[in-house]
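Participant: So you can see what is in the structure, the chains are spelled out below.
2 protein chains.
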Amino acid sequence: MNYLEQKILQECEVRPGNILKIDSFLNHQIQMDVMRFITLEFKRRFADTKITKILTIEASGIAIATMLGNSLDVPVVFAKKSQTLNSSDDKYMSHAYSFTHKKQNMVFVSAPYLSASDHLLIVDDFLAEGEAVHALIDIARQAGATITGIGIAVEKGNQNGGRILREEGYHLESLAIIEEMNYETQTIKFRE
Amino acid sequence: MNYLEQKILQECEVRPGNILKIDSFLNHQIQMDVMRFITLEFKRRFADTKITKILTIEASGIAIATMLGNSLDVPVVFAKKSQTLNSSDDKYMSHAYSFTHKKQNMVFVSAPYLSASDHLLIVDDFLAEGEAVHALIDIARQAGATITGIGIAVEKGNQNGGRILREEGYHLESLAIIEEMNYETQTIKFRE
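Chains X and E, in that order, are what the protein sequence lines are.
Per the UniProt record's numbering, the first sequence starts with residue 1, numbered consecutively.
Per the UniProt record's numbering, the second sequence starts with residue 1, numbered consecutively.
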């Protein structure tokens, strides 16, 4: 069992409706021991991967992407979820349904920040149905960029996102894959 | 002129309506040279300040907060802007008007992540009217926490946020303070 899996067992609560609360160290409070583990582990697992830029989506993905970008010395681009008045320029756009917020989000990256010469590592904190990652893939393709890997901190292995991405042939690395979790007993089982 | 100010002159565009576009290195794409400068400069300016936790607000503040949290080895908490189904717990809430998005945002931090023993450094990428920082101050006060400093990357010195915070007695450090900017001539002047 790795450091992230241990942390999940120690600190996470299973909520009704198949929800895992990872607020205490990953997506509300951010603990540095966990961030350092995630950074080192992605570096190890993608050591042979060409990466010129890291692509993520606001908000929680930014912490992981920035730590890794600093370590690999490559820039980070985070996709935004709603159109702002500051961003009237050409952009690549896609859509992602948020099961958490129960709404369809527009997701976009301004055109100058992705190009056909980019080799992208896509990272995010959480993978369930894969809506956000597929929106990022769609955006990367519009830019003509190459996706060389996908790094996820916590994957819900009992949902479809990870399976589909692996079937599509992506090099997906999830640091903790939750196979089963139970609200009644508060038990969590990881994929070996 | 410091590194961030140089970067602003080199890469930023002044848009109509007193808008400075810092998308290329701070709040859409994130460049690591800038992040490292910001981190080192905040460490230097708050070297004598007691900091047990860094408080910021999603989304762009997360990159700065995480880099600094890693460097100071303290946790980060980022306030969220809309209520999610994952967050049904006790929370500290405030409101901030976003001039960028022209809407009132609810801002909240779940209660377990701030306490009366915390000494908080509040950080954000941008300070204009100070709506977001004042929401964070309001939340910190509700938790009984001590605010020991406020660190801002880019302050618009011709708006009111910075002046009010200094009058209120906060130790505010802004790494680049824009005194004037002009869309017609594309000139930017910094406070000495």
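Be careful, since some hints might not be right.
For chains that are exact copies, the list does not tell them apart, and a pair is met inside one copy or across any two.
Stated by the list, open to error - DSSO-like cross-link-like pairs, simulated, lysine-lysine; straight-line CA separation at most 27 Å:
#, residue 1, residue 2
1, K43, K103
2, K189, K81
3, K102, K81
4, K7, K103
5, K21, K7
6, K103, K189
7, K103, K50
8, K189, K50
9, K50, K21
10, K50, K102
11, K81, K103
12, K102, K43
13, K81, K21
14, K43, K189
15, K7, K189
Note that these hints are calculated values from the structure, not bench results.
This one's a predicted model, so the numbers in the text were calculated from it and none came from an experiment.
Participant: Work down the list of hints and note, for each, if the structure agrees.
Facilitator: Comparing the hints with the structure gives:
Taking the shortest alpha-carbon separations for K43 and K103, neither the intra-copy value of 34 Å nor the inter-copy value of 40 Å comes in at or below 27 Å. Proximity of K189 to K81 under the C-alpha cut-off of 27 Å is found in neither arrangement, the shortest distances being 32 Å within a copy and 32 Å between copies. Taking the closest pair of Cα atoms, K102 and K81 come within 27 Å of each other both inside a single copy (14 Å) and across two copies (16 Å). Neither within a single protomer nor between protomers do K7 and K103 lie at most 27 Å apart by alpha-carbon distance, with minima of 30 Å and 37 Å respectively.
Taking the shortest Cα distances, K21 and K7 sit within 27 Å of each other inside one copy (12 Å), while across copies they are farther apart (39 Å). In this assembly of identical chains, the alpha carbons of K103 and K189 never lie at most 27 Å apart, being 29 Å within a copy and 42 Å across copies at closest. With identical chains, the CA atoms of K103 and K50 are never at most 27 Å apart, being 35 Å at best within one copy and 41 Å at best between copies. With identical chains, the CA atoms of K189 and K50 are never at most 27 Å apart, being 33 Å at best within one copy and 40 Å at best between copies.
In the homo-oligomer, the alpha carbons of K50 and K21 never lie at most 27 Å apart, since the shortest distance is 33 Å inside one protomer and 30 Å across protomers. For the identical chains of this complex, K50 and K102 are neighbours neither inside a copy (36 Å) nor across copies (41 Å), given an alpha-carbon limit of 27 Å. Within a single copy, K81 and K103 get their C-alpha atoms as close as 11 Å, and across copies as close as 15 Å, so both meet the 27 Å cut-off. Proximity of K102 to K43 under the C-alpha cut-off of 27 Å is found in neither arrangement, the shortest distances being 34 Å within a copy and 40 Å between copies.
In this homomeric assembly, K81 and K21 come within 27 Å of each other (Cα to Cα) both inside a single copy, at 22 Å, and across copies, at 18 Å. For the identical chains of this complex, K43 and K189 are intra-copy neighbours only, at 25 Å inside a copy versus 41 Å across copies, given an alpha-carbon limit of 27 Å. Only within a single protomer do K7 and K189 lie at most 27 Å apart by alpha-carbon distance; the minimum there is 13 Å, versus 48 Å between protomers.
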